[in-house]
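Residue numbers (the working numbering), protein chains in the order written: chain A, 1 to 254; chain B, 1 to 210; chain C, 1 to 72; chain D, 1 to 226.
Hints may be right or wrong, so weigh each one.
Here are the simulated distance ranges between beta carbons [as the list claims (entries may be wrong)]:
1) A:Ser35 <-> B:Arg74: 45 to 55 Å
2) C:Ser70 <-> A:Gln245: 54 to 64 Å
3) B:Pro205 <-> C:Ser70: 20 to 30 Å
4) D:Ala203 <-> A:His152: 27 to 37 Å
5) D:Asp190 <-> B:Ser110: 52 to 62 Å
6) A:Ala53 <-> D:Asp190: 28 to 38 Å
The hints are simulated quantities; they were obtained by calculation from the structure and are not laboratory data. Here the structure is a predicted model, which means the values were calculated and not measured. Ideal Cβ placement from N, Cα and C applies to all residues, glycine included.
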Amino acid sequence: MNLNLQWTWFHRLGSPRWFYQKTQRWLPWLSLVMSVLLVTGLVWGLAFAPPDAKQGNSFRIIYVHVPASVVALAGYYIMAIAGAVGLIWRIKLAYMLMRSAAPIGAALTFIALVTGAIWGKPTWGAYWEWDARITSMLILLFLYLGVMALRHTYSSNEAADKASAILGLVGMVNVPIIYKSVDWWQTLHQPATIKFTGAPSMHPDMFMPLVVMILGFYLFYTVSLILFARAEILRREYRASWVKQLVTDNSAEK
Amino acid sequence: MAATNILKVENLAFERNDAVLFEPVSFHLSSGEALHIEGANGAGKTTFFQLMIDMLQPSAGRVYFRGQAFSECRYDYLCDILFIGHQSGVKAALSVEENLRWMSPDNTSSEQIASALQAVGLDHYAAIPCYRLSAGQHRRVALARLMTTDATLWYLDEPFAALDKQGIDFIEGCMQQHLSRGGAIVFSSHQDLVKIVARSYKLNPFREVI
Amino acid sequence: MYFESIQQLIYMDGHGVYVWSAFCISIVVMVGLIVKPLYQKKQELKNIRLHIRLQEVNREAIRQEDSNASNP
Amino acid sequence: MYNFLSGGFTAYLYRDLLLSIRNKSDLVKPLIFFLLVAALVPLAIAPEAERLAELAPGIIWILAVLATLLSVEHLFSDDLNDGCLEQMLISPNMLILPILGKITAHWLVIGLPLTLLSPVIGLWFSLPSVALIPMILSLAIGTAVLSLIGAVGAALTLPRQGGVLLALLVMPLYMPVLIFGSATIQSAVDGLDWTAPLAMLAAFLAIAIALCPLAINAGLRLAKNG
Numbered sequence: 001m002n003l004n005l006q007w008t009w010f011h012r013l014g015s016p017r018w019f020y021q022k023t024q025r026w027l028p029w030l031s032l033v034m035s036v037l038l039v040t041g042l043v044w045g046l047a048f049a050p051p052d053a054k055q056g057n058s059f060r061i062i063y064v065h066v067p068a069s070v071v072a073l074a075g076y077y078i079m080a081i082a083g084a085v086g087l088i089w090r091i092k093l094a095y096m097l098m099r100s101a102a103p104i105g106a107a108l109t110f111i112a113l114v115t116g117a118i119w120g121k122p123t124w125g126a127y128w129e130w131d132a133r134i135t136s137m138l139i140l141l142f143l144y145l146g147v148m149a150l151r152h153t154y155s156s157n158e159a160a161d162k163a164s165a166i167l168g169l170v171g172m173v174n175v176p177i178i179y180k181s182v183d184w185w186q187t188l189h190q191p192a193t194i195k196f197t198g199a200p201s202m203h204p205d206m207f208m209p210l211v212v213m214i215l216g217f218y219l220f221y222t223v224s225l226i227l228f229a230r231a232e233i234l235r236r237e238y239r240a241s242w243v244k245q246l247v248t249d250n251s252a253e254k
Numbered sequence: 001m002a003a004t005n006i007l008k009v010e011n012l013a014f015e016r017n018d019a020v021l022f023e024p025v026s027f028h029l030s031s032g033e034a035l036h037i038e039g040a041n042g043a044g045k046t047t048f049f050q051l052m053i054d055m056l057q058p059s060a061g062r063v064y065f066r067g068q069a070f071s072e073c074r075y076d077y078l079c080d081i082l083f084i085g086h087q088s089g090v091k092a093a094l095s096v097e098e099n100l101r102w103m104s105p106d107n108t109s110s111e112q113i114a115s116a117l118q119a120v121g122l123d124h125y126a127a128i129p130c131y132r133l134s135a136g137q138h139r140r141v142a143l144a145r146l147m148t149t150d151a152t153l154w155y156l157d158e159p160f161a162a163l164d165k166q167g168i169d170f171i172e173g174c175m176q177q178h179l180s181r182g183g184a185i186v187f188s189s190h191q192d193l194v195k196i197v198a199r200s201y202k203l204n205p206f207r208e209v210i
Numbered sequence: 001m002y003f004e005s006i007q008q009l010i011y012m013d014g015h016g017v018y019v020w021s022a023f024c025i026s027i028v029v030m031v032g033l034i035v036k037p038l039y040q041k042k043q044e045l046k047n048i049r050l051h052i053r054l055q056e057v058n059r060e061a062i063r064q065e066d067s068n069a070s071n072p
Numbered sequence: 001m002y003n004f005l006s007g008g009f010t011a012y013l014y015r016d017l018l019l020s021i022r023n024k025s026d027l028v029k030p031l032i033f034f035l036l037v038a039a040l041v042p043l044a045i046a047p048e049a050e051r052l053a054e055l056a057p058g059i060i061w062i063l064a065v066l067a068t069l070l071s072v073e074h075l076f077s078d079d080l081n082d083g084c085l086e087q088m089l090i091s092p093n094m095l096i097l098p099i100l101g102k103i104t105a106h107w108l109v110i111g112l113p114l115t116l117l118s119p120v121i122g123l124w125f126s127l128p129s130v131a132l133i134p135m136i137l138s139l140a141i142g143t144a145v146l147s148l149i150g151a152v153g154a155a156l157t158l159p160r161q162g163g164v165l166l167a168l169l170v171m172p173l174y175m176p177v178l179i180f181g182s183a184t185i186q187s188a189v190d191g192l193d194w195t196a197p198l199a200m201l202a203a204f205l206a207i208a209i210a211l212c213p214l215a216i217n218a219g220l221r222l223a224k225n226g
């Protein structure tokens, strides 16, 4: 008996309406905490942290490059897991979250690539450097674009979701393999130059803003994911009665 | 119950991009019975057949095969059905005989293959690769499977489409034989049949309740 | 504050242009990631209102047909 | 077609080999592409032997990837178009073995000839003879992995075969195979131990054989409502 009790909780969690109403209340708080974290991290990293001994001030780009790469990679796993949940338990909300997570991940990967390239100029003298981390980021961007582009081969929403979920899972299995083989390829060709993720060895004054920025980016990812998911819910559930009711109240109070 | 109940369907519905094609479908089928699915073009007959052969997953409703829920007896169900749809499933590069052998169960003897080809009038073409044959002949190769199959439940989507008089007689003969042996048939077609007495089930389009 | 003055903060002894350009691009993209869904949601709401109005028009039309069908 | 489980593999392997042999043009296209583009490289870059020898491992592997990508596209699309896929999906058996049968047939028809043809390109690029065996071994294993991963892409883009979309889907997944494949030949050329990267390729093959058919099976079932 308790099995289906547990299931109803699980499926109630999966109902778009529940998600829409709950996030209505969470959004203001989340965005407040997010902006506080991002602003303090930014000001701290840009103005107060001491420059790196070797790289000078250009190292401050780490405060946006590393958080973006970390969250972009985590975002791929979040997207793939949402797809898997949708595929296994057929929860529509999971598919909506997967579909919303793709563009955010791709944008964050793009930020990581651009900031990495700009950081490369003062450190290595060239905008593009086939460093292991940057190359893996580039491949991750292609993975994201693949998942987003696959949607257009299917006319029905359900099939497009399933196909993207499958590709997400295949990608999830491959991401660690890609990262490890790129690292191995890196050591094969050049000795390890300046490591990008030299986070722990850094001076605490430099390291703390990085932690704050990473937390800020995770919150930013959550807020953006919720916003995209809410738009997606309205797009897909436009026939549902609760949506119509919501719209009439909305226009009433305007 | 004299006739064993082969198939039972309870308010089967399918949704694609929130568009529902037909009202929920419910019927039951016993051995020796044929069910004629009627419905205007585009009423979702082909989608209905895709649902019945588990190519598409229904958004609601349940299917029972020999009293067992579909999810428990999927293997036996798929072992025991034959589906002939719009596409012939014939490989152009293979010869007629190879194609029929590929589409027939493992243990069909070559005499059975030869007599099936003879019945559809393709016995002279046995060794000829199919890319030299017409679409109508491709269809006849697919229909020759009616003679070699051992499945008890047949799903025929518009079997009589674009067939001459002789072709229609052949199929009705096969269907009659199959019914007399205790098989069941679900088919859709625009011609009404002479020899077969079949219950009809109308797929009425879904009226959006506003 | 590590830097003595705002000018130094902007100049960052030579590396300022890289640091600030990297941060500006990131901020632009992140703001985009917030604004786009909000704009999309507004569009969806407009579509839904349109859909509701369309349905009402259909319902009106059907009621018209029924009424003049019942008393010709 | 409802043959027993082990029949699924050999039946589809035999049928697909028969089909490939019957229409030879699909058979020859990737091989011609492989040789043709290889012949372009010296014209485009430099005819000197040592320059080419330096590029050889990478070029050979990039050509193998592109040739496989070119040919894997209509692995399932012919079956979809003539209705064979529908009958295949209705068969009660799990689709793993038929899929593996089809991919093995594709490898025998495309991957193996590429591998046996690669010494010609080794000759053109004056690849040192010590690297010949590693090249053949790495291509033999590598092209099998390429076929398997390519088949996943082909199954997912079945309703609308766009060459670019298949490439976009599959290329990131080809990267590790490309890295370790060319590294095998490169380390052989440099006189290092080339068995380590080869072992990685074999590991990729093991993973691909285990996981790819699952993704392909799920992908094929979607093709109908594409």
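Now for the hints, and whether the structure bears them out:
| no. | hint | in the structure |
| --- | --- | --- |
| 1 | A:Ser35 <-> B:Arg74: 45 to 55 Å | holds (53 Å) |
| 2 | C:Ser70 <-> A:Gln245: 54 to 64 Å | violated (31 Å) |
| 3 | B:Pro205 <-> C:Ser70: 20 to 30 Å | holds (24 Å) |
| 4 | D:Ala203 <-> A:His152: 27 to 37 Å | holds (34 Å) |
| 5 | D:Asp190 <-> B:Ser110: 52 to 62 Å | holds (60 Å) |
| 6 | A:Ala53 <-> D:Asp190: 28 to 38 Å | holds (36 Å) |
Hint compliance for this structure: hint 2 is the single one not met.
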